[in-house]
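Chain residues, written in single-letter form:
Protein chains: 2
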Amino acid sequence: MIYTITLNPSIDYVMFTQQMTVGELNRTTRTEKYAGGKGINVSRLLKTLEIDSTATGYIGGFTGRFILDELEKYDIKSQFITLDRDTRINVKIKSENETEINASGPIVNESQCKQLLDQINILTPNDLVVVSGSSAKGHGKTLYKEIAKLCNEKQIPFIIDAEKELATQTFEYKPLLYKPNIHELEAMFDTTFTSDEDIISHARKIIDQGVQTVIVSMGEDGALLITDNEVYKALTPTGEVINTVGAGDSTVAGFIYAREHQYNHLKTLKYAVASGSATAFSSDLAQKDEVLKLINEIKVQKLS
Amino acid sequence: MIYTITLNPSIDYVMFTQQMTVGELNRTTRTEKYAGGKGINVSRLLKTLEIDSTATGYIGGFTGRFILDELEKYDIKSQFITLDRDTRINVKIKSENETEINASGPIVNESQCKQLLDQINILTPNDLVVVSGSSAKGHGKTLYKEIAKLCNEKQIPFIIDAEKELATQTFEYKPLLYKPNIHELEAMFDTTFTSDEDIISHARKIIDQGVQTVIVSMGEDGALLITDNEVYKALTPTGEVINTVGAGDSTVAGFIYAREHQYNHLKTLKYAVASGSATAFSSDLAQKDEVLKLINEIKVQKLS
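So the sequence lines, in the order shown, correspond to chains A and B. So the first sequence is numbered by UniProt numbering: it starts at 1 and just counts up by one. So the second sequence is numbered by UniProt numbering: it starts at 1 and just counts up by one.
Chain A with its partners taken away, still in its complex shape:
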């Protein structure tokens, strides 16, 4: 079974307004609510690709109940650990610009961290763990490393998709995949890339630390898949970018889809990029037919 872990999920509350003025009373034209969280997105995209997964992490209160209900609607299994405090609500205000207000979310304690590790402790090398997004407050800060360590000890393959501080602490435990976008990779090395060679050589430094595969998404410049001895480059298909939220999570789901079908690296990169692009071209996460439609449009070449 594939387990997606979302330590700090959210309700994403999207408020459409004609104008947004600080210091005043603004009114919405309409609102939408989504179950937010990178691991949850991975589970949702896997579901449309007809791959079952179990969503886990931490959830609390009436807002957490909303997320569980949404997952049930999508027919996604969930195994969240319950917190006393409400899961956060993040607000996205869409007027002329997009303004976001993110809440920090509830704190997890030591015993709740242990509960999550206990869930992983019974998994086997036939399972797969995907850890995505921001950590929980409190003891959650070190949880990424502990999850990675446990997966490594038990030979459970795991994927990491998180910001610099959280990701790097897991590299020595040999994640199957680390998936930064170009800006995240630049931030990791505090530099600006000027060429593909530059990106590849920095990705190799991550490979050297233990990571098995790095996929770097570069927006309209395509994507690179780098292993210890191979490099592939995909060109992004043409299309109108509508929504980049969840595109990275879809890329991860595409990678997992390819792995489940035992595709080679070249085909894996195709599915990863098709999934990410299909979501970027949709208003919500992509559907399976949208992903499959893009597959043939994606050119992948082996660089080395």
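To be clear, the hints were calculated from the coordinates, so they are not data collected in a lab. It should be emphasised that the depicted structure is a prediction, and the values quoted were computed from it without experimental measurement. Any given hint could turn out to be false.
Said to hold, decoys possible - Below 25 Å or equal to it, Euclidean Cα-Cα: the simulated DSS-like pairs (lysine-lysine) are:
id, chain 1, residue 1, chain 2, residue 2
1, B, Lys149, A, Lys92
2, B, Lys94, A, Lys92
3, B, Lys137, B, Lys149
4, A, Lys33, B, Lys149
5, B, Lys47, B, Lys293
6, B, Lys205, A, Lys94
7, A, Lys137, B, Lys302
Unchecked claim - One-sided excerpt, in silico: chain B residues whose CB lies under 8 Å from chain A:
id, residue
8, Met15
9, Thr17
10, Gln18
11, Gly23
12, Phe66
13, Ile93
14, Glu165
15, Gln169
Note that the Cβ used here is the ideal one computed from N, Cα and C, for glycine as well.
Assemble chain B onto chain A, guided by the hints.
This is chain B only, laid out in the frame that chain A set:
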């Protein structure tokens, strides 16, 4: 029994941020959630004054469930009619300024309007109906008038506290109380008041339309109680205004408290102003001891 009607309640989601910039990602330092809605506030303040009431109106979804849970915590009876769509979430961003984003809320249909009127239809002249705040979308627009008409036919006393368009349509049905603040009264007559006499003469025009009592709150300039043949003025007690949200609703609750105790007009105005001021001096709605502490500080004089 006292029935407070909130047609379009809300969760008030308060987000504290150090800065709030449009077009950027802002992060909260903390958040709070409240069961919002003017009728609900009236019920809450009545509760602290040890007067039971039943909160009714429309509620829906997981957000509605939050409000019902909150009312249960306050030990307030509720009898809301359930809608398919979620009760709205209003966002209040507290940084240097206060920015509000109000959602419009779910639509009510004809049959749901009838359900509310059916609730009122079984009441008697010994009950009291309080209609406060904004109307629901859809058929809710005319509901204020229908409630008022029904109350009038069945001789059920009712109080109206709503904006111009909603309030005026009820005046001919002889509400027991209409409670505008000075700005709402100015808006009703599209004018600016320059003296108490000016306010009183305009309030009399409302009395002439059928309203039995008008209380006009004037912030730090005090409040006026006007009937067809009497006028009383209260001076506002001194204190630091912390939060004006719910102050008007507390004034209504103070009026009801005085009515339950069969106080005269002079004492009624004292309790109304003490309740409103006590809430303005608190971070949330006032507690009973805070109201009672102010009673002796409030000077009321009969103007005519």
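TODO: Enumerate the violated hints, using their earlier numbering and listing them in ascending order.
DONE: Of the numbered hints, 1, 4, 6, 7, 10, 14 and 15 do not hold.
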